[in-house]
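Residue numbers (the working numbering), protein chains in the order written: chain A, 1 to 428; chain B, 1001 to 1312.
Check the hints yourself; a few may be wrong.
[To be verified] Which residues of chain A face chain B? A few of them, derived with a C-beta cut under 10 Å, are:
(1) H36
(2) L342
(3) Y353
These are computed hints drawn from the structure, not numbers from a lab. All values derive from a computational prediction rather than experimental measurement. A virtual CB, placed ideally from N, CA and C, is assigned to each residue, including glycine.
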Amino acid sequence: MKDWITRLGSPLMRWLGGLPLGSWLIGALVASLLEHVFGATLSYALWLHSLPAIFGLSVILSEPTLIPSVLLYLIIMYFIPTYIVARLSAPLVRRVEQHFSPRVYIIVHLVLLYLVLQVWGTVDEYRLLVLRLLGVGIMLTTSLNLVNGWMGEFSVAVAGFMSVGAYVSSVLMVWGFVNDDVFGPAVLPSSLAPFAFPIVLIIGGIAASITALAVAIPSFRTRGDYLAIITLAYVFIIKSAVENIDYIGGPRGFMNQPPVASFPVVFVWTVLALWTIYNYVSSTYGKATSAVRDNESAAEAMTVDTRRVKVIAFLTHAFWSGVAGGLYAHVIGYINPSSFGLVKSAEVLGMLYLGGLSSVTGSVFGTVLFQLLAEILRPLKLAKWLVIPVVLILVMVYRPRGLLGFREVQFPFLTAKKKEVEHAPAGN
Amino acid sequence: MGFLGQLLDPQQWFNALQWGSFYALIALGYSMVYSILMLFNFAHGDVFMVGAYIGFFVATGFLALASAGILPASGWLIFVLTLILTMFLTSFVGMAVERVAYRPLRNAPRASAAITGLMVGIFLETGNLALLGASRKTFPTLIETKTFQIGSVYLTNIKVLTIVLSLALMLALHLFVQKTKTGMAMRAMSYDYAAVPLMGVPMDRVIVLTFALGSALAGAAGVLFSMSYPVLEPYMGLLIGWKAFVAAILGGRGSILGAVLGGFLLGFIEILVAAAFVSTMRDLIAFSIVLLILTFRPYGLFGEEYSARLRI
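Okay, chain B solo, but in the shape it has when bound (with noise of 0.2 Å):
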């Protein structure tokens, strides 16, 4: 099959469906930090490893509880009590990460605080190597895989489940920022960060809930990215989050539906490129695309040009 015939394929472009959803549901937390503090989170990728550790023992314990006969053995619904443990106990991680790494640094230069990102980023994967061990830890199998076929294409289960719940989540987000007091007051900071204060909004409740959502997003995505590549490893996080920084700029810093949208083009360029190309050449190629993408829409394929609130 050649390279065109590759690109028509229903099957690639179901599976970047898939790995875009990873990529999206963690750029969601950089760009939402973003658009209020104008701040890249450089430790999110880290989260999402915390995140996908955390299910881990969150799904063990689960399925011990369920061998002891005090829960149902299904498992879908230790695969939904698993998402939600561990979304509600990455969120504070996020938080974590607010109190120690920006928060003492509101009023620094940004680049300050960009480095005590990274620091809280390597801290959490040393962390993690020094506590468990370098034996990597495999993901229990929650719900058994089962593949069908529509047309030509292959489905499994757990793809089908990893994008809609993704889109889901997604949804979720959008009308909690749209429909919600709490969102509004997220909108109004990104759009005048000194002026929201002064209206009685309490700034930084706003700002730990903020993290805690991308946290949250972030744990999400390390469930459901463990579910389909169940080898843990402390190292997870860093490549993958900071492709998925790179979609948030893809997509436009700041904005929920250009991280979103980011997203999936990241997953679709490298799935593309894997098939149609070697597979080593992946990052090579699909890098080289954003930059040039970059060069011709500087803000992003759905930022707009913000007026230059620069905190340097």
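With the rest of the complex left out, here is chain A (with noise of 0.2 Å):
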């Protein structure tokens, strides 16, 4: 049966004409370029009552008459103005793009797609909202994919490294650049806080990663569910630690950080995620993973040290779930200890197996898709988390594997300079 998601990649590079991605990209650039001058002029025009934030989705619910406007103004604003420019551009970005490594492919590419939704993004502060919870929820649900689905096992905890991440870096963060009733004037001037805070991320990461030690020493002993259970008492013993200290607010929560988890800040960190991971799964390492999750007698013949690869696994998705919690709290400015609940645990679990297990663009595709429907049922208010299980419960129940499981979108042009291999689940 041929599956209409997993080359979803390739159909669509053809109906988008053969063009190169590039241009495509650059044309992006150029419609939102225009929208910056003419996004307000166009939506007046078209009698909505704003520029439209998210691609007008929430006006789907709460004025469906509005939609031949949107609609208008996404072909008007996006569509002509990408695809006149790409065509245009395609000849040149072509003949450029021959002298490429796939290094350098890949990284101009990255660029041009930052630049894209950079320019995108700072017409409405809330698309850069949006853009940033989008990256963060990536990040989360990629290194989640990593245990729950390279591994085969089931981990929750991933609301607690969350927030292990997220306090830790909120705190060294106030304590040095910020001047607080707790902990007293700054330590260093402010203007060295954008530098600081990457290495106050990697420390927020390695102390969330700690704490997944003193789980996985005695969880891997066993298979099965035993993770689970191990993760749940985990993640109430967090929210409760951190109820009780009231240097750090107790269940007031904590606020004062400095704004440093810009944009592009968000950007580097989720893309940096996204290849360690990739990389990671691609690599002895990850097979070995793999491995084990299909048949650890097996894989423990092959001589893989199964409890060793499992730790590993473990403690890279608490660090960078503790990295996704220590960027979430400065984008937010202000975190408290029910933010990291097992309903947060839930939401990143549901983004993660609407996308599928055991696949990078699966995990960013499901996060998108879910970012988006919640976009669309803004409106709803409280009716969103009835619509949301509903679509949840029917996506496992006719593809019980998520959108992408077990697949990873193929993109002609990755697929052409490297070999890809698939991961598809033995004995099933």
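Please assemble the complex out of the two chains, which come individually in their own frames, going by the hints.
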């Protein structure tokens, strides 16, 4: 049976007129620049109350009469300029592209993608917030995928790791760079804050990993559902511990984080996380992790040190979740213990299983889809949490492995240069 | 009174027995489903919540009938009727959860079924919030609280009732599982899931019955809980459900006796920790103890190392 979604990449590319990806990005960049100039005028001319923030998705349910206007806006503002510029720039892009090595090719495209998102985002503060939260979500989902997907266990600890990362990095940043009532005057000049932030984030991630070690050591002696229970207890313990430390605000929460998590910072960290996790699962360790999932005894017979492999995957998950938590804290500017409860874990699990297990593109896809769905459902307020569960149940019933489970979207430009290895689970 | 004094105080032991009863009743639902499907029913805490709300409506209805003169205005009679009807109605909630969240995924990866369970739980919470609004409901008083004293221990009739009734329900469940033919089918299925249908046992019916029984117990827990703590809110099942889940694991996965003992044990740990230390430290210390116990006994206190019948 041919799976429509697996080869989403190639028909999409063909439909895009065989134009190189770079020229589409250039087109999108021009369209976003044009939106800065004409966006307000055009939305006024189309009787829209304001500029459609996220492609006007929230209009669908709140004011259906505006749908034609929004569609027109999308076509005039985004589609037509993008298409024209992509067409025109294609020959030039093709000629330049030939001289790129794969590494340069990817870097150039990432820079273009960043520019598109940055220019598109600066039109509206809300867009930037959504994009940054999207980046955090992608990091969380992909890192959780390491454990729940490639390793084949069931962990719910992601909220706990986030909490540790968020609190450690917030405390360090506030202590270092903010005049705070509790932590006293800033130790260092605030101009240094953006440079210290990466180090602080890494410290937060390592702190999360250290607490994860306490979970990992007893957990991986047995297989099965053990990890689910231990991580459940872990989330309770972390939440309760934070609530009991009055020094960092206890249940009241913690704020005053310096505004260092701007969009470029989040973008770079997201790319870094995706890159390391993708490389990790393509490496020998990654293959060993999948082998442990498929058949632990067989993996052990093949000289895989199963316990070590599991612990490393789990600690990597903890590290990236901690970093994502630190970013989250500085994006929102306020954290409290109940924002890192089991509900948060359930949300990340929802994104993960929507996108599918053991798939980097699946995790990205699932996160984006989930957030866009949330955007559409935003006008429903409370009823949003009636619709999202139903959607997820339907996805699970009809595609129990998620939309992209155990597959990667095949991008022709990547597969042409690098041979893709499929990670299909054995014995199913 | 020092730590040791609190630990040996019979008053705390009595409170712990009552608190543990709720955990034990809910933990049974987790354990029974796990023993057959090797699956954690993550919506079970919310079934408990729905049970408490059903109990609220049923009790209010019976009280209205009593004040209209159709029923005799006896608190005990209304309580018994409420308990029975609530257990009956809540069992249908459990069956519906099985039908929606678990049956379509019988052959899917177990993690997917865990996700549908979680989502059904969120649906029940939000549905309740949307249907009944954010205002909290107060469970009507069915039986006047009476306090009496034995030695230095203060007992209330409602707490005694909770403990006695929970133990009776657990005994009834035990007898059902051990003595009836359906109970035998349940035991057989937990022993070998694949072979039992080959023996002509209607598998679906046994599974549905398991969910119904577990949910009826959760409904009973809902009524008993609301009689002691009469404020109902949509998220009341969340924390107590997760804790009962941990209790089920603590006792030993899939073992009925283990679930009961695990429930009481968690109740004891929580009450004694709250009494001996600061009450806000309760979760922290209680779960650290749980983690410690599981480190040394990975299969729970009374669970045995099961053959790895994993269906991932």
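Hint check results:
Taking 10 Å as the C-beta contact cut-off toward chain B, the hint placing H36 of chain A at the interface is violated, the least distance being around 39 Å. At its closest, the beta carbon of L342 of chain A sits 7 Å from a beta carbon of chain B; the interface hint therefore holds under the 10 Å criterion. Of the supplied interface hints, the one on Y353 of chain A holds, with its beta-carbon coming within about 5 Å of a beta-carbon of chain B, less than 10 Å.
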